[in-house]
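Participant: Each chain, written out:
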Amino acid sequence: MKKILIIEDDKFLRELIARKLEKEGYETPQAVDGEEGFKKVVSEKPDLVLLDLILPGIDGFELLSKIKNDDQLSRIPVIILSNLGQREDVDKGLSLGAIDYLIKAHFTPAEIIEKVKKVL
Amino acid sequence: MNKVQRTASPLAKRNAGVKEIKRLRNTLRVRDLELAELKKKHAIDLQELDKVAKMLVQRDLERSQITEKREDELKQLKESRAALLNILEDAQAARKFVQEEKEKISAIIANLSDGLLLFDAQDRLSMVNPQTEKIFAVKEQDLIGKTIPQLAAFPATRPVVILVKNEGEKIFRKEIKLREKMTLEVTTVPLTIGKNQLWTLVVLHDVTREKLIEEMKTEFVSLSAHQLRTPLSAIKWTLRLLLDGELGNITQEQRGFLEKTYQSNERMIALINDLLNVTRIEEGRYLSRRVLIELEQILQIVVNSYKEESKRTNIGFKLEVSKEPLPKVLVDLEKIQVAMQNLLDNAFRYTRAGGQVTVSLKSDKKEVELSVKDSGVGIPKDQQEKVFSKFFRAANAVRIEAEGSGLGLFIAKNIVESHGGRIWFESEEGKGSTFYFTLPVAG
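Protein chains in written order, with my numbering: chain A, 1 to 120; chain B, 1 to 443.
Hints in this document: simulated from the structure, not taken from any laboratory.
For clarity, every value in this text was computed on a predicted model and none was experimentally measured.
Treat the hints with care, since some could be wrong.
[Claimed, not checked] Within a straight-line C-alpha distance of at most 20 Å, the following computed EDC-like cross-link-like pairs (lysine to aspartate or glutamate) qualify:
1) Lys92(A) <-> Glu140(B)
2) Lys39(A) <-> Glu88(A)
3) Lys92(A) <-> Glu219(B)
4) Lys318(B) <-> Glu296(B)
5) Lys366(B) <-> Glu294(B)
6) Lys328(B) <-> Asp274(B)
7) Lys217(B) <-> Glu24(A)
8) Lys45(A) <-> Asp71(A)
9) Lys211(B) <-> Asp89(A)
10) Lys115(A) <-> Glu35(A)
11) Lys3(A) <-> Glu27(A)
12) Lys92(A) <-> Glu215(B)
13) Lys115(A) <-> Asp244(B)
14) Lys217(B) <-> Asp89(A)
15) Lys328(B) <-> Glu308(B)
16) Lys23(A) <-> Asp244(B)
17) Lys23(A) <-> Glu246(B)
18) Lys92(A) <-> Glu44(A)
19) Lys92(A) <-> Glu334(B)
20) Lys174(B) <-> Glu210(B)
21) Lys177(B) <-> Glu88(A)
22) Lys386(B) <-> Asp274(B)
23) Lys211(B) <-> Glu62(A)
24) Lys22(B) <-> Glu34(B)
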């Protein structure tokens, strides 16, 4: 079973996306902030990370660069799933090593899973 | 005589008498002569006297004339002196005025909040004001007299000088980041007298604060959009799950309501995107990453995404592209798509079922022209001039479709114009509208 780590501070959004992923047969460990997120990336060794950007404490960009600068973790694909959507944010996310950048409000859960499947 | 007469004879007496007469006569003659002589002499003396007197009179006259002349001269001299003093006073006043003017100008230059640099015809720096010293954090004496290449060697002045060197006199409000927390807006002004350009004035306007505010505003807008989108995402995702039947079966009636709710939510999301676009247009840093492409490629993608809409609304939809290959244009893909979508959105939104929307693409050597023609409600004549204004919505449009941000055409106009293109329309109320835009051919 493929493991997808969801790092998202909004409880309801986290539940909605987890529900859909579980229905598709994924295991979904979850984290609510950057710090917990990083710990779970290390401990869970997920196959993919769905990463929100605005997070309490360590934000998504910082967490992303931490993952990408760690030899043990840098190969884990990260899809940014955020509602930040300005060109600068997208460019920054992609240049830090994210494989895709999705604006939550522009995608349905089904479309997000399409993207996940494509990467895996 | 009496004695003689008494003692002598008559003859003797007579002889003596004749003798006497003779003598007397002689004497008389002598006397006469003497008298004449005397008279003559006297006359000469008189003449002499007269001459002297006349001379004296003449002298006196001359003297008085001379005195008079002297007085005249003195008077004139006094007048000249007074005049000279006046002139001197005027000159002093003029000098004082010039001095005051000079001080005034110096004070203005010294106290101007903008930094000024004045280069002479040989590109040598001939003047800076204190603000310039502050901006560069370099003392005046280290700058004055230096040439452009010399100043380009200083790290402090390098960015500005390089800009001036490369752009010459054509700089208008060019922004450069001098260092952390110092952003300048540079403008150059050629100073000419007659036809000769004597100096180049470089004006440095400190916009650090404005930049900071702009950054804060961008951050604020970006965060607000994020905050607004989060609950909308939750609504969107939930509605989708409901509509996809993943949360249990729903009736047809429920589906209808949920569809409408979903569409409203989508509009809300689109509105936030519009607002973000507008904010960025106003910041003047809208376009990024331009690519060279045939406009038809982008248009095809956009047109395909409206085929569904065409079926759903029962509005005919046609794409007409000229047969000759179209020249490439240099565009920001995402933005040009937005501009096309905004025109097509309007065309479909304000055309009734059974109507027609036609998109055409053609070009000449200079421009590629795209048009979107609809057979919709048209724009009332009296409202046509406001069509591209922010938040404008025509009265008849509001009646048909209550929602709509009034930002679509404003955004489209800004996108097209920031690509160096033009946008316009033709419209007749009740018959339809055609919107056109052009983009300059790359190269």
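Participant: Decide, hint by hint, whether the structure agrees.
Facilitator: Verification of the hints:
1. Lys92(A) <-> Glu140(B): violated, 42 Å
2. Lys39(A) <-> Glu88(A): Judged against 20 Å, a Cα distance of about 28 Å means the pair is violated.
3. Lys92(A) <-> Glu219(B): At roughly 14 Å apart (the allowed maximum being 20 Å), Glu219(B) and Lys92(A) satisfy the hint.
4. Lys318(B) <-> Glu296(B): holds, 14 Å
5. Lys366(B) <-> Glu294(B): holds, 14 Å
6. Lys328(B) <-> Asp274(B): Distance ~28 Å between Lys328(B) and Asp274(B) Cα, so the pair is violated.
7. Lys217(B) <-> Glu24(A): violated, 41 Å
8. Lys45(A) <-> Asp71(A): holds, 13 Å
9. Lys211(B) <-> Asp89(A): holds, 18 Å
10. Lys115(A) <-> Glu35(A): It is violated: about 25 Å lies between the C-alpha atoms, which goes past 20 Å.
11. Lys3(A) <-> Glu27(A): holds, 5 Å
12. Lys92(A) <-> Glu215(B): This hinted pair holds, its Cα atoms lying about 16 Å apart.
13. Lys115(A) <-> Asp244(B): Distance of about 18 Å is within 20 Å: holds.
14. Lys217(B) <-> Asp89(A): holds, 15 Å
15. Lys328(B) <-> Glu308(B): Answer violated: Lys328(B) to Glu308(B) is near 28 Å, above 20 Å.
16. Lys23(A) <-> Asp244(B): Given pair Lys23(A), Asp244(B) holds - Cα atoms ~13 Å apart, limit 20 Å.
17. Lys23(A) <-> Glu246(B): Holds, because 9 Å separates the two Cα atoms, which is no more than 20 Å.
18. Lys92(A) <-> Glu44(A): violated, 26 Å
19. Lys92(A) <-> Glu334(B): Holds, because 17 Å separates the two Cα atoms, which is no more than 20 Å.
20. Lys174(B) <-> Glu210(B): holds, 14 Å
21. Lys177(B) <-> Glu88(A): Distance ~18 Å between Lys177(B) and Glu88(A) Cα, so the pair holds.
22. Lys386(B) <-> Asp274(B): holds, 18 Å
23. Lys211(B) <-> Glu62(A): Roughly 25 Å between the alpha carbons, so the hint for Lys211(B) and Glu62(A) is violated.
24. Lys22(B) <-> Glu34(B): holds, 18 Å
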